[in-house]
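As given, the protein sequences belong to chains A and B, one line each in that order.
Under the numbering used here, the first residue of the first sequence carries the number 1, and numbering increases by one thereafter.
Under the numbering used here, the first residue of the second sequence carries the number 1, and numbering increases by one thereafter.
Please keep in mind that the hints were generated in silico from the structure rather than gathered at the bench.
Only a predicted model underlies this, so the values are computations on that prediction, with no experimental measurement involved.
Heads up, a few of these hints could be off.
[What the hints assert, rightly or not] Just some of the chain A residues that point at chain B, by a computed CB distance under 8 Å:
no., residue
1, Arg-57
2, Ser-122
3, Met-126
4, Val-129
5, Leu-137
Where is the CB? At the ideal position from N, CA and C, for every residue including glycine.
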Amino acid sequence: MSQYETSYGASGSDGSGSEYDYPGRTATTLTAGYGGSHGGTPVVTFENVSKHYGRLRAVDGLSLDLRAGETVALLGPNGAGKSTSLDMLLALRKPTTGRIRMFGDDPYHAVKSGRVGAMLQSGGLMPEVTVLDLVELVTKLHPNPEPVQTTLKRAGITQFAGQRVDRLSGGQTQRVRFALAICGKSELIVLDEPTAAMDVETRRLFWNSMKEEVAAGRTLLFATHYLEEADQAADRILVINRGRLLADGTPAEIKARAGAKRISFRLDNVDEPFLLGLPGLVNLEVRHDVVQIQSSDSDATLYALLDAGYRPREIEVTSLGLEQAFLAITAEDDLANGHSSGETN
Amino acid sequence: MAGTLALTKAELTRLFHNKRYFIFTVAFPVVLYLLIGRQVKASAYGVAFGAYYMISMATFGAFSGALNGNAQRISQEKKEGWIRQLRLTPLPANAYVITKVLVSAATTVPSIVIVLLLGRFYGNVHLPGWEWPAIALTVWFGSTIFAALAVAVGYRFPPEQVQPVTLIVYFFFAILGGLWFPLTGFLGNIGKFTPTYEAVKIGTDVIQGGSVPAGLAVGLVAWLGIFALLATVAVRSTAETV
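Looking at chain A on its own, in the form it has when it is part of the complex (with noise of 0.2 Å):
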């Protein structure tokens, strides 16, 4: 359907060959140097939040903030807790432990002051009502609400306003529930996976308004596993994987987590306790002669690898997107979990 449209499950790669785990990366390595300079009442705090079904931890101690003004991605794949998180912040489910505030308050008594607007992928519609008595009801529930045709306009549902909601495309009634969102002109928008059932063009009409909602002053977090959206909409993003959160920085920050470069040569006689302590190795695979690094700073790492006098043969140099960033973090994650089947010389 799209570029977008990719799975991102187990890493399942380099079933062989050895690989070193560089040592003291932790999600709040990245989290204590974000942000610093916002200050103010965050909007959202989570408070070492788990939430627990039998012995399920689909959330399992997830602490973070948001700040005004941020537009947050929620990465994770399916499973990671994305869903769970957004439903305990809205207070359609109590946190097992842990303590979530929004804008201050508890998330029921903020979600009934009409500061924030949602779009959940289980959200449905009114049925046997036309779009626009749908899109004026839930105007009315709100204290200090966009004006109706203002709504209609930024969801793109003008033209069908007049049309009953049960009769609409997918498309159209993701816009429709896109509209529910800010249709109370609220401080925080949450969507959970707001694309999930639109086109391609539809899904770019989406982020457009979407821009327009966070250029007046919004706060926006969404959830989603499509890595272009999170890389394209977001200036921050929290990487969750089986309920935990495991990196928390701008798209630039969580590629330069997981090595932002990639090296590949071939070295005849390696010697792996020194390739293990070049400068910027974030990652280390040897299979025989072939050796790949995975490089915070590639030209750092070349540089220290020639300079011992080494002249490896076949060099390439190539970046790595947020996808293989993603990868990564979530791989060494299941590794350190023993959820993963690759194997360790």
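Assemble chain B onto chain A, guided by the hints.
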């Protein structure tokens, strides 16, 4: 409050576009009364058959209206996520259920008014002036409490199971309550504890004795308590899955 009213208005608009609702609540009791209501010689519950049947048909139409459509709608709206969507708005958490009950309270009115008018002008039921509103109010209360039961069923069962469940509830209270024909003997004794029987019997007692029987009225209020409790438990226990 403004939000609850806006939602109630939208729900009423939907309802008046729904033909099924009119068949259940108005057409059925009217047709039955036209067919059976004018048996001059018979009597039931100590009053003329035409008077008994007027009250029982008004109750029948109103209670099936409160029960049938509502349970199905609630279950469907729960499954499709409309209830969830409403929870994301500033509308208070209990407003959806309150709205459903308010709408039911309004939708039981047409069948009651129409059947009582039919009793007066077709069934030749003649009563002192105050007994008409007393009977109407009793029937209205006795059937509107089924809106709470509909909430319980709608929250508890998925749409495909709601139909059979409401049918069982519907036949149970219609037959045991003596709405279609007065019951005697063993079943009649059990039926005396149903709210549908109580509503009708209060009406016929009013006609017969000129006053409202306190015991039956208390019974009816107790049923409201039972149905409201069932509804509360159903809503609370499904809070995380709605």
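Now the hints, each set against the structure:
Checking Arg-57/A against chain B: minimum C-beta separation of about 16 Å lies over 8 Å; hint violated. For Ser-122/A, the interface hint holds, since its Cβ comes within 8 Å of a Cβ in chain B; the closest pair sits about 5 Å apart. For Met-126/A, the suggested interface contact is upheld, since its CB lies about 5 Å from the closest CB of chain B, less than 8 Å. With a cut of 8 Å, the hint placing Val-129/A at the interface with chain B holds, because the nearest CB-to-CB distance is about 6 Å.
Because the closest C-beta pair between Leu-137/A and chain B is about 5 Å apart, less than 8 Å, the hint holds.
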